[in-house]
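Visitor: Chain residues, written in single-letter form:
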Amino acid sequence: MNITEQAIDFAGEHLLLTNQRAVYWQRKMALILSDLHLGKAAHFRKNGIALPGAAGIQDLNRLEFLINHYQPEQVIIVGDLIHADINKEVTSFVVFTQKFPGVRFTLIKGNHDRFSAAALKNIGISFIHQELFLDPILFSHQNTGAASFTISGHIHPGVSIQFPAKQQMRFPCYAVSSRHIILPAFSQFTGLDTASVPEDAVCYALYEGGIFKVKN
Amino acid sequence: MRQKLEDTTGYQIIAAWMRSRGNTAFSFQQKAWRYYARGYSGMIVAPTGFGKTFSVFLGVLTDFMNRPEAYKDGLKLLWITPLRSLAKDLANAMQQAIDEIGLDWTVEVRNGDTDVKIKQRQTRQMPDVLLVTPETLHLLIAQKGRDRFFRNLHCVAVDEWHELLGTKRGVMVELALAFLQSQYPGLRVWGITATIGNLDEAMDVLIRTSEKKISIVAREKKKIDIISVFPDEVEVLPWAGHLGRKLADKVVSVIRNSRSTIVFTNTRNQSETWYQLLLEAYPDFAGQIALHHSSIDAPIRQWIEESLSAGKLKVVVSTSSLDLGVDFKPVDTVIQIGSSKGVARFMQRAGRSGHSPFEVSKIYFVPTHSLELIEAAALKEAVKTQTIENRDPMVLSYDVLVQFLVTLALGGGFRPETMMPVIRSTHAFSFMTDEEWKWCISFISTGGATGENYEEFHKVVQRGDGLLVVEKRKIAMLHRMNIGVIVSDAMIRVKFVSGGYIGMIEEYFISRLKPGDKFILAGRVLELFRVREMTALVRSSSGKAFIPSWLGGRLPLSSNLSQFLRQKLALARNAVSREPELMFLHPLFARQSEHSHIPAEDEFLTELIKTREGYHLFMYPFEGRQMHEVMATLIAYRISRLYPISFSMAMNDYGFELFSDAEIKLDKGILQQILSRENLMQDVLISINATEMAKRKFRDIAVISGMVIQSLPGAQKNNKSLQSSSGIIFKVLEEYDPGNLLLRQAYTEVFNHQLEEHRLVAAFNRISNSKIILKFATGFTPLSFPIKVDSLRQSLSSEDLASRIRKLQENSLKTARKKR
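So the sequence lines, in the order shown, correspond to chains A and B.
Letter by letter, the first sequence follows residues 1 to 216 in the numbering used here.
Letter by letter, the second sequence follows residues 1001 to 1820 in the numbering used here.
It should be emphasised that the hints constitute simulated quantities derived from the structure, not laboratory data.
Be aware that one or more of the hints could be misleading.
[Claimed, not checked] Under the rule of at most 20 Å between Cα atoms (straight-line distance), these lysine to aspartate or glutamate pairs were calculated in the DMTMM-like manner:
| hint | chain 1 | residue 1 | chain 2 | residue 2 |
| --- | --- | --- | --- | --- |
| 1 | B | Lys1731 | A | Asp193 |
| 2 | B | Lys1472 | A | Asp193 |
| 3 | B | Lys1031 | B | Glu1211 |
| 4 | B | Lys1474 | A | Asp193 |
| 5 | B | Lys1514 | A | Glu208 |
| 6 | B | Lys1088 | B | Glu1389 |
| 7 | B | Lys1514 | A | Asp200 |
| 8 | B | Lys1329 | B | Asp1089 |
| 9 | B | Lys1514 | A | Asp193 |
| 10 | B | Lys1731 | A | Glu208 |
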């Protein structure tokens, strides 16, 4: 796997946006990501849609790689950890979290995470918040319009890019405005929303080979 | 000894009834009745308007009257039509005949529009004759206790079989018939079709297991009069699309001189445009003109159809939405805007005028650019020689099969070992292997082999008695909603703020509009107020507005027509031609031969044109846009193998262009090389982006096989957690389950329908047997100009993504501008 970084200054802090759909915040030793949608493939299968179960595993492999690379003290998941219901794919997340006893897994609850704190603790999430303020940044699943510097997820931002000869391609991206970062969905098994990206945002588009800046 | 049919009571009653209406039976009708009485299945081939329906329907009635003891209570005749709108009028006509003859049979319709109460009553007590669509038939098979519907069935009639053949709906019919015939062995199957190129195959696909079968072809022919509408002058550099305005006045006068007219266009966009054009050219049409296409709300369409039947409308502008359907008796004129691109479609449309037997169908051909007049000449020739396209049946459509297997499981279950030979008895699946069958069963029962260690898969389960059944209610509900193979884009309903629906429009079009933007739908200027759920609220407005361009608007030129096109063009080499279209185009041809060349039938023309912008290579295979897309990519690839070069490509139905800012170095030797038929398919596969094409094909497959749940307008959005795009699923399958049969089907469909291998090979064979002509020019020729100005372009580049992005970044990266 190839990690390419794009350094940005946000809220006076130094953040690394990676092409692997997660942000690293050195000062807090925090790996930040959103919209993991655990158990999505299993949820589909349970409802009679035959997806290969391996689809969800790759996201976790990527997360493992990132944790080993940055050695963070905490992983902050900015919502939508779980896609729909607690199924085998979700419960096996505890096996994953146990691999990293020194890492705190923190969840900011998203609209998909309608589960009790006990259920979430069972799969290895140590801290659960509706919103979390780590001075000077507020973490919130959806943009609340708060005045603080905010990092959120939820919309799965994407950007459509025009190539010569009228070709278009879509990429997942970070949408970065002066006071707000919207994270790309960590799970690859998700769609893209190119319409809801704020108009004043600078997009950092990502693909397996790298990350690049796009003016809106 | 067998009694002669003419001497039977049944026949005499029917004959008397026909006489009372002033009709006599056509000989093909009598023949059909005779064979029906003898227990045959069969196929009737006859032009519209000659009583095809009655050839089968009255055959069943005659048989019933001759041996009523053989007919028990319940459904006796099942009538499959491709169109809902066709069913109601057909049912009325049948019921009227039954009543007048004095029988007590009832005829009813069952489809998506049928009231729930009526459906429930039918489920308890079936009528004697039921008219359904292929989808409704599958829904009946999905009902528990389905046997009670079908056990007294004598005959299944498949109407407009030519419309279903060659589509996945045709495969649905094949599967349903195979199932019914396996359960009820004496069942007779009768197909009804218009003339197509492969009639023998059409019958072979429809009637598989009946031992006695007969094809009955009516001798009666429909006379078609084709009249070209000429512009006042020839434009020697034709430009696709813009000729319309100049011809509007001529079209108006044709309409005014007719009783009632249908104006056929090829796209919804074109129909909206022509509706406006005609109103502008002749405002008095207001109130007598209507617009009919598939995006217009069904009740409005129905009103239009009724008004047209009643003679209340002077003119209806339509798309293929009016190709089929009931007779509009008052319609005496049909106008075709632009080429219909196919012979069958053209004849079908012409047949909408002068509907009764022996009346002449009159169709006016209005070119959208002057070169299209050659197509008119080609169409005339094709109609004269009755050279009508084949409808090639689809095979091995596993998406339809897995859907049908769940349908069977839902309606009481099935045993894999007994169902396999039934499925294999169809034409579509006759070459299915044992492994493929096992894959389909595992796909619906365990979710594919790869998932065994994973979360339980719930769709179809094997009961203790060995039957595969559906047990979960939610699966059953999702499946019923999903039955069918017509996949459309996500649609949004358009509704007035004050109430009242106008129609449907693709979500992606609306998503590009802001509140306050204006667009045109159903001939009205609408201002977007807001979008809520799956509904766009609008207000009436006026002034300038966007006309939505809907996807998939371009029809590909059929190979039959392209052959005549080459012929007619070659004819134009002679200064004296008696055909009015060719005579009219003479100045254009003169310019073409002066600056370049007009290819004879055994020649292949290539033009190399240098302009200030760069170098343009034009080739003219006359094989249709779709084929040219593949050919252009292939030729670009073969040239770029000789020396580094990047191209952009454009194409129309006549030829294609490769355009580069660098010099395209060519001579006869290189031309022979790049047009060679050697390694043809290998080179095609390397040059095209097969993955991208397969991904597009997978869109439908994913929905039909139940992997993507369609969001239906108006439906509750409670399945949100199960929604995903086919693109994502395609990616997942490519990565984790490359052997997936549905994925492989996507590639096969690309190969068979997009690349059309046999047609491509035939084209290259023809080219390599032709004399290759290379002409140099400094300005655009009449043949090249329309390609050059075509707006749709593609490019071929051998660079990888990273370096393309780098290149872009150097030229200041911009997001795609939101286009309308």
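Visitor: Now tell me, hint by hint, if it's right for this structure.
Guide: Comparing the hints with the structure gives:
1. B/Lys1731 with A/Asp193: At roughly 17 Å apart (the allowed maximum being 20 Å), A/Asp193 and B/Lys1731 satisfy the hint.
2. B/Lys1472 with A/Asp193: The hint is violated at about 33 Å.
3. B/Lys1031 with B/Glu1211: Judged against 20 Å, a Cα distance of about 18 Å means the pair holds.
4. B/Lys1474 with A/Asp193: violated, 29 Å
5. B/Lys1514 with A/Glu208: With a Cα-Cα distance of about 34 Å, the restraint between B/Lys1514 and A/Glu208 is violated, given a limit of 20 Å.
6. B/Lys1088 with B/Glu1389: Outside the cut-off at roughly 29 Å; violated.
7. B/Lys1514 with A/Asp200: holds, 17 Å
8. B/Lys1329 with B/Asp1089: holds, 13 Å
9. B/Lys1514 with A/Asp193: holds, 17 Å
10. B/Lys1731 with A/Glu208: holds, 14 Å
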